[in-house]
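The listed protein sequences correspond, in order, to chains A and B. Converting from the first sequence to the numbering used here requires adding 415 to each position, the first position being numbered 1. Converting from the second sequence to the numbering used here requires adding 472 to each position, the first position being numbered 1.
Simulated from the structure, these hints should not be mistaken for laboratory data. Don't take each hint at face value.
[Unchecked claim] Here are the simulated distance ranges between beta carbons:
| hint | chain 1 | residue 1 | chain 2 | residue 2 | range |
| --- | --- | --- | --- | --- | --- |
| 1 | B | P582 | A | V424 | 56 to 66 Å |
| 2 | B | E537 | A | G552 | 52 to 62 Å |
| 3 | A | E463 | B | I690 | 18 to 28 Å |
[What the hints assert, rightly or not] Sample of chain A residues lacking proximity to chain B, with all beta carbon distances greater than 10 Å (derived):
| hint | residue |
| --- | --- |
| 4 | H430 |
| 5 | G445 |
| 6 | E450 |
| 7 | G484 |
| 8 | L490 |
| 9 | L495 |
| 10 | G499 |
| 11 | A502 |
| 12 | L507 |
| 13 | V546 |
| 14 | D551 |
Even glycine gets a Cβ: it sits at the ideal position worked out from N, Cα and C.
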Amino acid sequence: MRATLRHSVPGEVDHERIWGWIIAGLFAAGLLLREVQWLRPFSCLVREATGIPCLTCGTTRAIDALLQGRIGDALRFHTLAAIGFTAGFAYLVYALSATHLRLRRIRIELTHKEATWVRWSIPIVLTLQWVFLIIDGR
Amino acid sequence: MAQDEFPDHHEDTDFDNPFQPPSSTGAISATEDDGERNGPPWEQDGPFLSRFWNTTKGVLFDPKETFLRMRREGGMGPPLLFGFIGGFVAGIVGAVYSYFYMQYLTTLDPETFQQPFGPTAQFVLQVGFIPVSLIFFFFFGSGILHLMLLLFKGANHPFQTTFRVVVYAYGSTALMTIVPGIGNLAQFIWAPVVTIIGLSYAQNTSIGKAAAAVLIPIALTLLCFCGFFIFAVAMIAGQLGNV
Chain A
416 MRATLRHSVP GEVDHERIWG WIIAGLFAAG LLLREVQWLR PFSCLVREAT
466 GIPCLTCGTT RAIDALLQGR IGDALRFHTL AAIGFTAGFA YLVYALSATH
516 LRLRRIRIEL THKEATWVRW SIPIVLTLQW VFLIIDGR
Chain B
473 MAQDEFPDHH EDTDFDNPFQ PPSSTGAISA TEDDGERNGP PWEQDGPFLS
523 RFWNTTKGVL FDPKETFLRM RREGGMGPPL LFGFIGGFVA GIVGAVYSYF
573 YMQYLTTLDP ETFQQPFGPT AQFVLQVGFI PVSLIFFFFF GSGILHLMLL
623 LFKGANHPFQ TTFRVVVYAY GSTALMTIVP GIGNLAQFIW APVVTIIGLS
673 YAQNTSIGKA AAAVLIPIAL TLLCFCGFFI FAVAMIAGQL GNV
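All chains should be modelled from the sequences, with the hints used to inform the complete structure.
So this is what it looks like as structure tokens:
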């Protein structure tokens, strides 16, 4: 893997600006869902109907725990959600800083081998997370 | 080239450097894709309504030809404006349908259909949310699709190409929801079809990879109950509003 720092090129799609604001919007929507009870869906009926939790089971609890500083609980409730939320927040800070302070942008290049490894690891990690949720007895 | 070396920037690099436009290695034959990509009518000169209507017609009734001619790059502004207009018009009409339907239901049975906000306030909120939700949907949806294409090695052109397909597809099919009763269902079926065709011709990839990129996120959303719940509420609310 090779990471480089460079300024954005005129005419290039400004990914940091786009995804920074998208993530900010997602966070804002999430906070609204937490506060406005009638907007929330009720508990998971997939689990109630089949006994098997869906892949996102525990996401809300993980994020709640993370926001309260209970990192261990957050990782237990939903590891990927906790890591994803933290990574999303870190990216948000980077993206908005890079955009508005005109900082250099991080660009990552992968070798063919690394790209193949990433392609295969995504479904494997998602499956492992789901198996953990089932074994954990949600 | 050994697998642990970084690919040269002039070679095909679909996933390795998503910021570098790669050369095409897709499934669309050269005879189908050697025509000039001068863009849909929306990106040509001419009267506003004529350009909008001809582009919408092309996407809905001749998506293959439309997306064969669509420019892969050239700015996100023009397609974004097209999608915004189509989505906004559809959204306003949907909000009007919902307003009158909720008025009717509230008159029939005020207790059962009591809402946190009155129909007028709901209409204003609904209309106010349209621009934000459109912008969010276009970029987030395109991002998810492009990631899926990268996963399946189907992204032979950069993110802007995927974005253009999504926005033109949605901006056109959104207008189907204006038809009362069956509009939402028709859009639910035809929008993915048009997007799959568009992605396959614009990204120069196979129909199979384009279909996987489009249909897997939809299937996962429906399988996850939280996603299904949100989706079902939105569909039912939209459908009831169109009755």
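We went through each hint and held it up to the structure:
{"no.": "1", "hint": "B:P582 <-> A:V424: 56 to 66 Å", "verdict": "holds, 60 Å"}
{"no.": "2", "hint": "B:E537 <-> A:G552: 52 to 62 Å", "verdict": "holds, 55 Å"}
{"no.": "3", "hint": "A:E463 <-> B:I690: 18 to 28 Å", "verdict": "holds, 23 Å"}
{"no.": "4", "hint": "H430", "verdict": "violated, 7 Å"}
{"no.": "5", "hint": "G445", "verdict": "holds, 13 Å"}
{"no.": "6", "hint": "E450", "verdict": "holds, 14 Å"}
{"no.": "7", "hint": "G484", "verdict": "holds, 25 Å"}
{"no.": "8", "hint": "L490", "verdict": "holds, 20 Å"}
{"no.": "9", "hint": "L495", "verdict": "holds, 13 Å"}
{"no.": "10", "hint": "G499", "verdict": "holds, 13 Å"}
{"no.": "11", "hint": "A502", "verdict": "holds, 14 Å"}
{"no.": "12", "hint": "L507", "verdict": "holds, 14 Å"}
{"no.": "13", "hint": "V546", "verdict": "holds, 16 Å"}
{"no.": "14", "hint": "D551", "verdict": "holds, 18 Å"}
The earlier numbered hint that this structure contradicts is number 4, and it is the only one.
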